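J.: Sequences and hints are given; from them, build the entire structure.
Read in order, the letters of the sequence shown correspond to residues 24 to 974 in our numbering.
No wet-lab data here; the hints were simulated from the structure. Quick caveat: nothing in here was measured; it's all calculated off a predicted structure. Check each hint, because a few of them may be wrong.
[To be verified] Here are the computed distance ranges between Cβ atoms for each label pair: (1) Phe-584 <-> Pro-267: 43 to 53 Å; (2) Tyr-535 <-> Ile-570: 19 to 29 Å; (3) Phe-415 <-> Asp-516: 20 to 30 Å; (4) Ile-305 <-> Lys-268: 52 to 62 Å.
Beta carbons are placed, not taken as given, at the ideal position from N, Cα and C, and that holds for glycine.
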Amino acid sequence: MSYFCLLKVLASAQYEPGYCSFYEDCGLNPAVEGALIPPRVPCKDYRKVVNVTGDHYELLKSVCPMLAHGEGETLACCSIRQLTALQSSLTLSKAVLIRCPSCADNFAHIHCATTCSPNQSQILKITKTANITQPTGIVKEAVVGYEAYISMNFSDASFRSCKNIRIPATGGYAIATMCGRYGSTLCTPQRWLDFQGDSSNGLAPLDINFKLLSDGQTAGLPPGAVLFDCEQSCPAVPQPPPLPKPFMIGRLDGVLVISIIIFSCIFFLIMCYVILECTVHIRKSKGTQKSISNKDQNENEIEHKISSKDVTCSDKASLATQEFLGSLFLAWGTIMARYPLIVLPVCLVVVLAFAVGIKDIELTTDPVQLWSAPESHAMREKAFHDAHFDPFYRTNQLILTAPHRPSPATAMTPYSLASRTSVASFLKVTLTQNKLIMKNELNRTARLKDVCYTPLNPGNPSLTYCAVNTVLPKYSPLSFKDIPALGMSCMADYGGPVFPFLAVGGYENEEYTTAEALILTFSLNNYTRTDVKFNVVEEWERKFLKIVQEYQENPNTNFTFAYMAERSLEDEINRTTAEDIPIFMISYAVIFLYISRGSWGIFILQVDSKFLVGLGGILVVGCSVMASMGFYACIGVPSSLVILQVVPFLVLAVGADNIFIFVLEYQVFVPFSNPFSRSPASRSKMTKEFLYFSYLKLDSSVVTSCTKTGGNENLRFSRPIWLGTILSFRRNNQGTLLPYHGCSSVTYVYYEHYLTIVNEGLFNIAVCLLPTFVVCCILLGMDLRSGFLNLLTIVMITVDTVGVMTLWGIDFNAVSLINLVTAVGISVEFVSHLTRSFALSIRPTKVERAKEATANMGSAVFAGVAMTNLPGIVVLALAKAQLIQIFFFRLNLVITLLGMAHGLIFLPVLLSFLGILCLHTICVCTVYLLCILYINTHIHAYIKEKYVTFI
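T.: So this is what it looks like as structure tokens:
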């Protein structure tokens with residue numbers, strides 16, 4: 024009796040051991056109709072137990088491992104066909120119960136024992152048979168009902184191991200779907216087993232009457248029965264340690280108070296240093312009298328002598344670097360400007376060669392791929408799930424409500440539950456019968472049954488088996504309440520439960536007939552985007568949205584519809600992005616008009632306005648964007664609609680600065696003359712963009728030939744019209760930009776990156792700052808002082824941007840991090856040109872050098888960076904997409920304004936004080952910068968904790 028798994032029969036009612044009561048598959052049960060799985064029943068056959076070997080044993084070992092004792096030594100009362108049918112039945116149950124392996128094993132143990140036990144004749148009693156005609160014409164007696172005797176201890180233990188298992192998709196208990204009308208609350212071991220043995224549930228092939236025997240009537244449980252409960256076997260969760268008390272000074276945050284004190288002390292020391300420096304400078308100025316000659320003095324004449332001892336190694340290295348870069352760029356620019364008719368076609372051919380790849384560009388529209396890193400932990404888990412279990416099913420939902428609905432009444436009113444049920448029934452029939460002609464994919468029509476999710480019968484899909492969660496079959500449109508006194512079943516037509524909280528809404532307690540909303544949920548199969556069936560599913564969802572929208576727009580409709588499809592989020596992103604394309608076109612047009620008018624002045628339109636120069640600059644920027652997009656498309660790097668809109672805008676805004684600098688150098692230093700001047704400023708800027716320089720050379724030749732015929736005498740001299748340009752464009756914006764509070768931003772699929780966003784943000788910004796510092800030092804002639812001042816100002820712009828983000832309600836996430844990285848690049852445009860102009864100035868004092876740099880180069884920075892960015896950025900405020908409004912309009916506006924303030928106000932003052940930088944000043948500034956960063960971080964956390972509520 025050692026191989027008795029769980030069952031024991033009453034001694035006075037059983038046959039002898041080692042015999043079977045039934046054996047082999049006898050066909051379908053004629054008494055069962057509409058079953059979810061084929062109701063195959065065994066043939067009645069009182070025979071000796073069979074020794075299983077070979078494939079028979081391997082199948083038994085796979086389905087019922089508790090009965091396998093080794094090949095050649097295992098006895099069983101089931102054939103291969105019976106095991107195959109049992110395996111199909113258990114697979115459906117294991118899909119729900121596998122979250123607790125002991126429950127799944129106990130469940131399988133029950134049915135394996137009644138089907139294959141070697142002592143089958145002693146543990147069950149046949150109560151009902153039926154004659155079934157075989158395909159050969161022979162009529163056999165089949166078993167369609169029997170009694171099974173189970174130990175009460177085992178049934179109780181099995182029930183306890185299964186009662187707390189939940190279904191992740193619904194959040195409900197799995198036992199509720201396996202206990203019929205009793206649900207999880209009223210379910211008991213006996214009711215649980217009775218539902219499994221009821222052939223009317225659509226799953227059991229025959230009727231089984233389980234008899235539970237007490238301990239005195241059985242010999243106990245043999246080895247192999249799994250009785251432990253998953254919940255009880257889990258270790259106790261330790262209590263979390265208490266949170267440390269916050270460090271407080273009085274009623275204020277202690278860290279914040281200490282940070283403010285340190286900041287105040289450092290600020291006081293810096294002010295003392297500034298006052299002392301100013302006092303020493305004034306005394307030296309009073310003690311030194313300089314003679315002023317009456318003769319005209321060249322502004323570039325040096326008034327003090329420099330000895331060889333004053334020239335340091337750093338100065339020599341800087342001079343050597345300047346000479347090398349100047350000669351290199353001069354040679355490059357000379358060639359480009361000398362042969363414009365060759366350079367332009369060659370560059371055009373190269374651009375077109377790269378741009379050809381745009382035809383193969385891949386646009387990413389899936390929100391999961393847009394917001395999730397491919398190598399993130401969550402994304403790798405999703406990929407594993409999709410590869411082994413197919414993608415998770417798609418959800419389409421429709422919610423029907425009646426606005427201003429009166430209290431429920433039994434009358435048939437336009438707002439009654441029966442009326443809403445009638446409307447919803449019509450919509451359901453329309454959607455389920457909707458045909459999709461998919462000739463390219465399936466070469467046939469497709470309906471809901473072809474795309475719906477059928478969990479209980481995936482091999483033979485039909486509308487009956489489609490997972491449609493609704494209460495419509497429970498109500499009749501012609502009556503208000505037709506529920507029987509004993510209640511109605513919670514099972515849907517497809518065999519799954521219909522939970523009230525997913526089918527109706529707006530009810531109190533369990534008064535479902537007073538619900539204010541009806542919910543229809545259609546679950547569809549999901550496929551990978553490369554699968555042909557994926558297009559079919561998306562097409563059905565498109566028709567679903569179209570039908571509901573048409574019904575909602577009907578003026579005779581007295582109901583309100585809320586609906587969504589799985590593709591709705593993707594459609595909304597694409598729709599809002601497409602609607603914003605005209606906004607970007609206007610932004611491009613504004614920048615283009617400004618560049619074409621402002622790059623050469625606006626006062627003498629006939630000669631000075633360089634419309635073709637501005638157009639050429641924009642074409643150069645456009646060519647660079649097209650070539651880069653085509654190159655990355657060729658190597659398989661995907662893009663998105665947002666990138667296609669925003670990146671050209673940013674590149675155009677930044678590239679306009681180079682146009683203004685070129686034109687400014689051409690106007691101030693080489694007005695309508697030889698463009699190959701030997702002046703340092705001209706040599707430093709002339710070859711920054713050789714393609715644009717070639718275009719500028721062609722354009723300037725037109726003006727040169729024009730002035731040869733005569734004209735206003737003032738055309739011979741350089742006119743400072745850039746000052747008029749600044750004054751004409753420096754207009755205060757009297758409007759107010761109101762931030763949008765509580766915006767419904769795009770729902771992120773995964774939030775994993777928030778766990779590491781701070782560390783990754785600091786790392787990425789640091790990685791950007793380091794090469795920026797190195798490149799600035801090299802291109803500034805190995806000038807470490809100027810490179811450090813650039814780095815200091817750029818870091819201050821970035822830190823202040825993070826602070827304004829907090830005040831304006833811009834969250835710190837992956838999108839804002841991208842903008843912060845972009846801020847580093849834009850900040851270089853604000854500070855590097857001014858710093859270089861200061862470093863190359865030959866004025867005697869730092870203040871005069873700062874003035875000259877601000878007057879000469881500040882105008883180009885202001886007109887080329889600030890005033891080029893602002894018109895285009897302000898236009899972005901009209902965009903409908905919240906993503907663009909918050910993370911591109913707001914952030915780019917903040918970056919531009921802060922960059923302009925630091926580059927044109929703070930940096931000249933900083934240069935006037937720290938033009939000659941020494942080691943202790945670097946240390947002081949570094950400590951000051953770290954303190955600002957530290958205080959800003961804690962203020963950010965303090966404001967978030969006090970005033971921001973995360974939902």
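J.: Please go over all the hints and tell whether each is borne out by the structure.
T.: We went through each hint and held it up to the structure:
1. Between Phe-584 and Pro-267, the C-beta spacing of about 51 Å keeps the proposed range 43 to 53 Å intact.
2. Between Tyr-535 and Ile-570 the beta carbons are some 27 Å apart, a value that agrees with the proposed interval 19 to 29 Å.
3. The hinted window of 20 to 30 Å between Phe-415 and Asp-516 holds, with their beta carbons roughly 23 Å apart.
4. Our hint of 52 to 62 Å for Ile-305 and Lys-268 holds, since their Cβ atoms are close to 53 Å apart.
Every hint, counting from the list given before, is met by this structure.
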